[in-house]
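There are 2 protein chains.
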Amino acid sequence: MDRKIVLTIGRQFGSGGRDIGQRLAASLGFGYYDKELVTMAAKESGLCPEVFENADEKASDGLAHAFTMGLSYMGMFTPHADILSNEGLFKIQSDTIRNLAEKESCVIVGRCADYILRDNPDCLSFFIHNNTEVRVQRVLEMHPEITVEQAKDFMAKTDKSRAAYYNYYTNKTWGNAASYHLSINASVLGIDGTVKYIQHLVKTKFEL
Amino acid sequence: MDRKIVLTIGRQFGSGGRDIGQRLAASLGFGYYDKELVTMAAKESGLCPEVFENADEKASDGLAHAFTMGLSYMGMFTPHADILSNEGLFKIQSDTIRNLAEKESCVIVGRCADYILRDNPDCLSFFIHNNTEVRVQRVLEMHPEITVEQAKDFMAKTDKSRAAYYNYYTNKTWGNAASYHLSINASVLGIDGTVKYIQHLVKTKFEL
Numbered sequence: 005m006d007r008k009i010v011l012t013i014g015r016q017f018g019s020g021g022r023d024i025g026q027r028l029a030a031s032l033g034f035g036y037y038d039k040e041l042v043t044m045a046a047k048e049s050g051l052c053p054e055v056f057e058n059a060d061e062k063a064s065d066g067l068a069h070a071f072t073m074g075l076s077y078m079g080m081f082t083p084h085a086d087i088l089s090n091e092g093l094f095k096i097q098s099d100t101i102r103n104l105a106e107k108e109s110c111v112i113v114g115r116c117a118d119y120i121l122r123d124n125p126d127c128l129s130f131f132i133h134n135n136t137e138v139r140v141q142r143v144l145e146m147h148p149e150i151t152v153e154q155a156k157d158f159m160a161k162t163d164k165s166r167a168a169y170y171n172y173y174t175n176k177t178w179g180n181a182a183s184y185h186l187s188i189n190a191s192v193l194g195i196d197g198t199v200k201y202i203q204h205l206v207k208t209k210f211e212l
Numbered sequence: 005m006d007r008k009i010v011l012t013i014g015r016q017f018g019s020g021g022r023d024i025g026q027r028l029a030a031s032l033g034f035g036y037y038d039k040e041l042v043t044m045a046a047k048e049s050g051l052c053p054e055v056f057e058n059a060d061e062k063a064s065d066g067l068a069h070a071f072t073m074g075l076s077y078m079g080m081f082t083p084h085a086d087i088l089s090n091e092g093l094f095k096i097q098s099d100t101i102r103n104l105a106e107k108e109s110c111v112i113v114g115r116c117a118d119y120i121l122r123d124n125p126d127c128l129s130f131f132i133h134n135n136t137e138v139r140v141q142r143v144l145e146m147h148p149e150i151t152v153e154q155a156k157d158f159m160a161k162t163d164k165s166r167a168a169y170y171n172y173y174t175n176k177t178w179g180n181a182a183s184y185h186l187s188i189n190a191s192v193l194g195i196d197g198t199v200k201y202i203q204h205l206v207k208t209k210f211e212l
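Residue numbers (the working numbering), protein chains in the order written: chain A, 5 to 212; chain B, 5 to 212.
Source of the hints: derived by calculation from the structure; they are not laboratory data.
Treat the hints with care, as some may be off.
[Said to hold, decoys possible] Pairwise CB distance ranges, derived in the manner of DEER restraints:
no.: 1; chain 1: A; residue 1: Arg7; chain 2: B; residue 2: Ala168; range: 41 to 51 Å
no.: 2; chain 1: B; residue 1: Arg7; chain 2: A; residue 2: Gly197; range: 12 to 22 Å
no.: 3; chain 1: A; residue 1: Ala167; chain 2: B; residue 2: His147; range: 50 to 60 Å
For each residue, glycine too, the CB sits at the ideal point set by N, CA and C.
Starting from the given sequences, assemble the full structure and let the hints guide the process.
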């Protein structure tokens, strides 16, 4: 197949979005990229993965940015000053995502991939959400040591951070229906049912 | 069929949401309710339809509310004071929607029906959006006398008004993915393709 299809997935924390992305990729024979993008961007840039991990899906830290810019102005850190800012890391990761989209059909989770690939006609963007009680249950399964209240707090904070990152780097709003081609509450059909339903859209749209 | 299935549709102005709702209802053999709700609510309450039309999908006018409440306090308009406020009209229309949902399987467009029927397990909520250029084109087909700029302005104002109405009467956010079971950009599959795709979800979910 010459055409490279890219499916991007935004997701509420605990919604099952990552599971859906993995199973969708497996069922279509597509590549799957989530945290893998961090290692790839590090390898391509020659920077250590920790730099990307620390900035992963976090909005720019104005102070840190000013600090590296300041060091750059003072003649220190010049070669990497821009790269070390979150904006610089975002640019590197964006190139990694664009290269990937040219090379193979794949599913990319998070990291503003829908915005980075907005001009790609073979890219479809998805947002996965879920009922709060289902999300709490899923988070507790991953972290049995925490309480329901802590799980809710964790969910709220993670989503707030993802929204800040998305809204900072794109001209769209995280979680807003109009920001994605399709948004679905995964509790309507369950995880596997949602995978099949999304697959149906992809196959209809791209005549697979 | 004993089970009454209700599909609610929220929509961006010019997105094709109403067309999709009508065709979806026709294809499933369901009733279709949009503006019809105004006449029904009027008939059930004994008030004239114009009262409902003026308040249709508009957020409460605080001043008018205070005014009718004031008249009520002064002993005037007592029997209808609460009814004549937008909140009162919303309550009447909510009863109309609940009665409808008990009587027949149907598609209901707008009017916070998704929120009113939030505890109904046989209710699925949809939000239809579309690319701006497609929406402008659709609005111009309906109103060939206006300019592109006027169409955009009309779209923005109508959606702002719908959002204000929805956000006022529900604890959710209009156009936010998490407020609906499924949100879709109708340009991905076109109007008829979107109808079929939604129908597929309804048939899968309710095993029709």
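So, going through the hints one by one against the coordinates:
| no. | hint | verdict |
| --- | --- | --- |
| 1 | A:Arg7 with B:Ala168: 41 to 51 Å | holds, 43 Å |
| 2 | B:Arg7 with A:Gly197: 12 to 22 Å | holds, 19 Å |
| 3 | A:Ala167 with B:His147: 50 to 60 Å | violated, 36 Å |
Checked against the numbered hints given earlier, this structure breaks only hint 3.
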